[in-house]
Each structure stands twice: as C-alpha cells, then as structure tokens.
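Taken in order, these protein sequences are the chains called A and B.
The numbering of the first sequence is my numbering, which starts it at 118 and goes up by one.
The numbering of the second sequence is my numbering, which starts it at 267 and goes up by one.
Simulated from the structure, these hints should not be mistaken for lab results.
Among these hints, one or two may not hold up.
Stated by the list, open to error - A few chain A residues facing chain B, derived, Cβ under 7 Å:
hint: 1; residue: Asp133
hint: 2; residue: Leu134
hint: 3; residue: Ala137
hint: 4; residue: Ser162
hint: 5; residue: Leu165
A virtual CB, placed ideally from N, CA and C, is assigned to each residue, including glycine.
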Amino acid sequence: MKINSLPMKDLDRGADLAAARSRYQAGARRFAMALIILSLVLVGSVVLATGIGRMDIGWGAIAAVVLGKLGLYTGSLDRTTDVVVWGIRLSRVVLSGLVGASLATAGVIFQGLLLNPLADPFTIGVSTGAAFGVALLVTLGVGGSFLGLSPLPLGALVGALGAMMAVLVLSREAGRIRKETLILAGIVVSTFLSALISLVKSLDEESLSAIVFWIMGSFSGRGWIHVGFLIPYMIFGLALAFMYHRELDILALGEEQSHHLGVAVSAVRLKLLLAASLLTAGAVSVSGVIGFVGLVVPHLVRVLAGPSHGRLLALSALAGALILIWADVLSRILLASGQELPVGVVTALLGGPFFFYLLKSRRSRGMW
Amino acid sequence: MVIKVEALNLGYEDRAVLTGLNFQVNRGEFVGILGPNGSGKSTLLQAISGLLPPQQGRIIVKSEAVGALPSRLRAQILAVVPQSTDVRFPFSCLEIVLMGRYPRRRRLGTLTDTDLVAALQSMRRTTTAHLKERSITEVSGGECQRVVIARALAQDPEILLLDEATSSLDVRKKLEIFAILQYLNETRGLTVLCAMHDLNLAALYCRRLMFIKDGRIAVDGPTAEVFTPEILSRVYETPMEVVRHPGHQRPYAVMLPLSPETREAEAAAEAREAAQS
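Please build the complete structure, drawing on both the sequences and the hints.
This is the structure we're talking about:
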C-alpha cells in the first residue's frame, strides 16, 4: 500500500530553497529600509525638537553649539544660547528619546512574555512600582551620584521587580497566569502604589508638583546627568533582550510548546523579565511614570514589521524614541500660558483611545 | 533502547494518574498508546517529554533521565505534537516551522541552508508548503495542526510523541500524516509514540499497542497479538468484533451497539464477581 502522490523523496535543494531564500532576503531588506528611514526621521526629529522652545534661537546658532561640543567648530558662542541649546533642550530631547526607546522595548518584552496584547510597563504596574522605589529613596534622602551613577535607578529596579512579583502572584491561578486577571492585578497594584507615592510625598511636605512628577511623568528640569543614570540600565536591558529575541518568539507560543522546542522556559523567562524590568527602572527613575508608550508602539510596529521579536525590538526602540520626543515637545508647547503639561498626560491622551480600540478589536476577534 | 520507564508513578499534586509503569521502547518502534478517556495517555506523553516530573520512578531517554537532559539536547532527540495549538501572534507558517530548528541553531547565528531545507521539506511532507507566507492565526484548525506537525519534523528528532495529533484532521489528511510517519519510521528509524482514540488507524500503522486502563498498562504487545475482540472489549467496556480486511489483511475493529442485552449481561457478570469475592 504505497501512496505515490506523497512527496516522500528529499526536497531538491534548488528551486524551492532559492525561492525561500530570496523571500527571506526581501524581508531582511524591508527591515533594513525601515531601520534606516526611522533612524533618519529620528535624527531629523532630534534637530527639530531642539529648535522648538520659548526662546527663539536660530538654526545656525544650534548648529554652532552642537558642532562646538563635537570639536568641529571653534568660533565664539553666546553663553546663554550654549546653555539653553546644549544643557537644557538637547539633553532633554535625548533623554525623552532614550526613555521612549526603553519603555517601548519593555512593552515588546512584556507582551511577548505574558502573551497579553494589553501588557506594558504601565498597565501591569511595573512602572508605578519603579516610581515608588525612587520616590521612597528620594524621600529618605538617598541620592546624589557616584562616578555618574546614581542609586535611584537601583531603587526603581527593586520597586519594579517587587511590583511585578505582586502582580504575577495576584494573577496566578492554579499555577497559570490568567490573562484576564493580569491587567486587573496590574491596575490594583498600580493604584495602590500611586496612593503610597502620594502619601510618602505628602508626609515629606513636598509640593504637589513632586507627586505629579512621579505619577504623571515629566522631563522638566532633566539634563545630561539623568541620561547618564539611564544609559547603563538601557544598554544592559536591551543587550539581554536581543540575546534572547529568538526565545521570545517561541515563548510567545506558550509555555508547553516552548518546552518542547528546547527553550529552558523558567531560566529564559527570568532573564527576559529582568531585561524588561531594567529598561522600565532606568526610564522611570529619570522621568516618572509615563504610560501607554510601551503599549501603543509595539502594536504599531507589529502591523508594519510582523511579530518576529528581533526586528520588533529594534524598530520599536526607534519608534518609541520618536513618539516620546514629540509627546514631550507637545507637553512643552501645548499650553498657551507657557506652563508645561506632564508628558504622561499627553501620552495618556493619545494612548487611552488606542487602548480602548485594542480592547474592542481583540475581543471581537477572540484573541484573548 | 531509546526510552526506558522504570517503576513510574505519575500524577498531579495529590491525584495519582498512573502507577507502577514499567516498559521500554526500542529504536525504530511504532507504538500506539490506547485507552479510554482520562486513562492517562496524555499524562504519560507529558512525562516522557519532560514536562511533568515523575512522582516516583525514572524515565530514561537514550542514556539519561529526561529531566536531567539540557533543554536543547532534549529537543534534538524528542519532538512533541500536542492535540491542538493556540497561537496568538501572527507569525507566518514558515516562521512557525523554522522555530522547530531552534534546538539546532546557534544563538544569534544566521539562518543556514540546512535549516531552511529542513523546514521546507517538512512543510512539503505535511502538504503545507502552500501556507508558507500565510499567518498562522488565519489558517484553519486542521492546517494549523499540520504546520505544527511540520515543525516537529523540522526538529529532525529521533523520537516523535503525538498526543491525539491527528484527531482534528479529515480522513485523507490523517492517512497522509501517518504515511509520512511510517515512511520516516521505516527509512530513518524514527521512533514514534502516539496516543490515539482511532482504533483502526492504530491497527493500520502501529506495530505495537499499549492499552492503558485504570492507571496501569493493561496490555502491551505486537498489534497482531493484542488487537483482539476480547482485549478491546475489556479495555473499552464495549462489545467489539475484530475483522480482517480482505485486501491488506490488517485487522479492524467493529463496535457493536450497546443493547439492553449487553447491559443485562454486564450486570449479571458484575453480580457474579461480587458473589465470588
């Protein structure tokens, strides 16, 4: 009993392989193009965003300051212009970009790892945990910096990990993380910790603005020193995430399949959760809780680049930077009075409706 | 000998599912695991795949306890096809099959021709080649199942465990999958263990059958010897007849309807047993 129509013989390596190869390379080229375009747009945005502000500074002066710092321009510069462009604006634009990249990649990791399209550092309470960690350290008077490093991100990391543990324990039922309860647990933990932040800050007789800074997020008054605080966490977190991007693809299929495909599930998951926590902690320790970046960006990028996590991480980092840079510009110029809005208000105004759309569309397609 | 099970007890927390299992499987065997619903077929496969640690006893795969094998090495030896698969992220079917190459790829290494050939070949064998670019979230249940079987074949394993893997497929697709398994079994020495409900499919392809009932192995032997009306009727508590097909000479089971007489006969038998004890 032989069925001859079945392709039992070995595949001939010629045609099929060449076709698949060329499609694979076309995909890689599309990715490279997206990477280059986003990078160019990002550089352009950094320049544009540096030019926008209350003080009117010409493009020539901006170019002179930046080139001067790079040692390519030796002419004389106005001291005020130098401080505003380099010390205030550019540092803030760079910081918002780095925070955006960190939050977006953390969102990619959380969504893949927790199999939940609504997961992001904010919705699962990790950001608020990090903010609580920092707020507590600040209140206790721990601060300053040592060789450009600060203990504050470490406090954020401990807070982030603590909040994550709490959320995972709360949403665990019979050994499994329930997708429906995860976000609910995140909101509970996040609300509780927000209240604690307010309490701690009020007891410390600090102004309302300090509370708002941690809960709503802001880049107001931040500079190069904060870029220095964030960078080690970001580099370590991103490196860890990229090392395990293939495992992240497989883990997105669920625990059992990952086991069968040879992923050491517990160990890899722990490393990836650490990576996401590092990214979140670094970001929150310099900017407070900025919501929805980690939720919206991965979804937009997934539509354009597919679900493969290596590409998703790279493009989300760029897109996240881009979005937060412009959200921060909006927060600076939106109010006619010249006052600043917390940037978290802007991202929530943009991200809230998106969250709503996601909730409805996923439900209707029975994705979760 | 590729699988050796010694004094194995399996279960979840306080609930014992299987007790006192002892058997071994040699390289190149084609074993069907049969038994009523809830008899522990899936549990046994989960334990062999290393997912469920034994409560007692040992499971040796090749020369080591399955729990002690490094994950990637384990996945090079053992591939598993579950009953159904739920994928939420829109990976293309080719990407899903390529995930089967994970245990054989180097970390951060690029995609080699060997990987791509293995993936394409197993897609052709499972008649899923036309689905390469389609998203796994958009194909039908049966297509998704065949893609997952292709992924298991792409792992290039020595042992393949199937848990009701073809239950959701139509007759033609079932036969196609089993024809591939038989081919790989005969030409490459692939060892196949499949838990299944379809008795006649088992009789057609499996050379050894293992019947599990009430937490124990009730019968274990060559298909020709154990596929008998007495054993089938006893294991499934259902009157059955076994007939030989006039063409290929393989046995097939025919179930008889549960008539009032069978119920009465059963009741009488139970009463006799009760009286004896």
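Hints, one by one, checked against the model:
no. : hint   : in the structure
1   : Asp133 : holds, 5 Å
2   : Leu134 : holds, 6 Å
3   : Ala137 : holds, 6 Å
4   : Ser162 : violated, 29 Å
5   : Leu165 : violated, 34 Å
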